[in-house]
Amino acid sequence: MKNSDIKKLSIDELRENINNEAQKLQKFQFAHAISPIENPMQIRVTRKNIARLQTELRAKELAK
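Residue numbers (UniProt numbering): 1 to 64.
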């Protein structure tokens, strides 16, 4: 997800996306713990997406 797309989202949509990405990250981590996943970079990308979403959420909350 691009930063320009993230900036267009509402606060509720940001929270929903954060929850979805967190669940996705948890699934990746469990799968990787059992047996190495095909592309371990997915874990890093997912963590960074969560950070981007949280940063934008915090900025919107402060601007409110």
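If you are wondering where the hints come from, they were derived from the structure by calculation, not from laboratory data. Note that the structure is predicted; figures quoted are calculated from it, not measured. The reader is advised that the hints may include incorrect statements.
Straight-line distance between alpha carbons at most 30 Å, and here's what the computed DSS-like set of lysine-lysine pairs gives [said to hold, decoys possible]:
(1) Lys27 / Lys48
(2) Lys60 / Lys27
(3) Lys2 / Lys24
(4) Lys48 / Lys64
(5) Lys8 / Lys27
(6) Lys27 / Lys64
Restraint ranges, calculated between C-beta atoms of paired labels, are given here [unchecked claim]:
(7) Ile34 / Ser4: 11 to 21 Å
(8) Pro40 / Glu61: 11 to 21 Å
(9) Gln54 / Ala31: 22 to 32 Å
(10) Val45 / Arg15: 17 to 27 Å
(11) Leu62 / Ile34: 16 to 26 Å
(12) Asn19 / Arg44: 11 to 21 Å
(13) Arg58 / Asn20: 13 to 23 Å
(14) Ala63 / Glu38: 38 to 48 Å
(15) Ser35 / Ala63: 40 to 50 Å
(16) Gln23 / Lys2: 16 to 26 Å
(17) Ala33 / Ala59: 25 to 35 Å
(18) Glu16 / Gln42: 15 to 25 Å
(19) Lys24 / Arg58: 19 to 29 Å
(20) Ser35 / Lys64: 19 to 29 Å
We treat Cβ as the ideally placed atom computed from N, Cα and C, and that holds for glycine.
Here is how each hint holds up against the structure:
1. Lys27 / Lys48: Holds, at roughly 16 Å.
2. Lys60 / Lys27: 28 Å, holds
3. Lys2 / Lys24: 18 Å, holds
4. Lys48 / Lys64: Given pair lysine 48, lysine 64 holds - Cα atoms ~25 Å apart, limit 30 Å.
5. Lys8 / Lys27: 27 Å, holds
6. Lys27 / Lys64: 34 Å, violated
7. Ile34 / Ser4: 11 to 21 Å: 36 Å, violated
8. Pro40 / Glu61: 11 to 21 Å: 33 Å, violated
9. Gln54 / Ala31: 22 to 32 Å: 23 Å, holds
10. Val45 / Arg15: 17 to 27 Å: Taking Cβ atoms as reference, valine 45 and arginine 15 lie about 20 Å apart, which means the hint holds.
11. Leu62 / Ile34: 16 to 26 Å: Hint violated: Cβ distance 40 Å, outside 16 to 26 Å.
12. Asn19 / Arg44: 11 to 21 Å: 19 Å, holds
13. Arg58 / Asn20: 13 to 23 Å: 18 Å, holds
14. Ala63 / Glu38: 38 to 48 Å: Holds - the Cβ-Cβ distance for alanine 63 and glutamate 38, about 40 Å, lies within 38 to 48 Å.
15. Ser35 / Ala63: 40 to 50 Å: 44 Å, holds
16. Gln23 / Lys2: 16 to 26 Å: 21 Å, holds
17. Ala33 / Ala59: 25 to 35 Å: Since the Cβ atoms of alanine 33 and alanine 59 sit about 34 Å apart, the hinted range of 25 to 35 Å holds.
18. Glu16 / Gln42: 15 to 25 Å: Once the Cβ atoms are compared, 20 Å apart, the range 15 to 25 Å for glutamine 42 and glutamate 16 holds.
19. Lys24 / Arg58: 19 to 29 Å: 21 Å, holds
20. Ser35 / Lys64: 19 to 29 Å: At 45 Å between Cβs, range violated.
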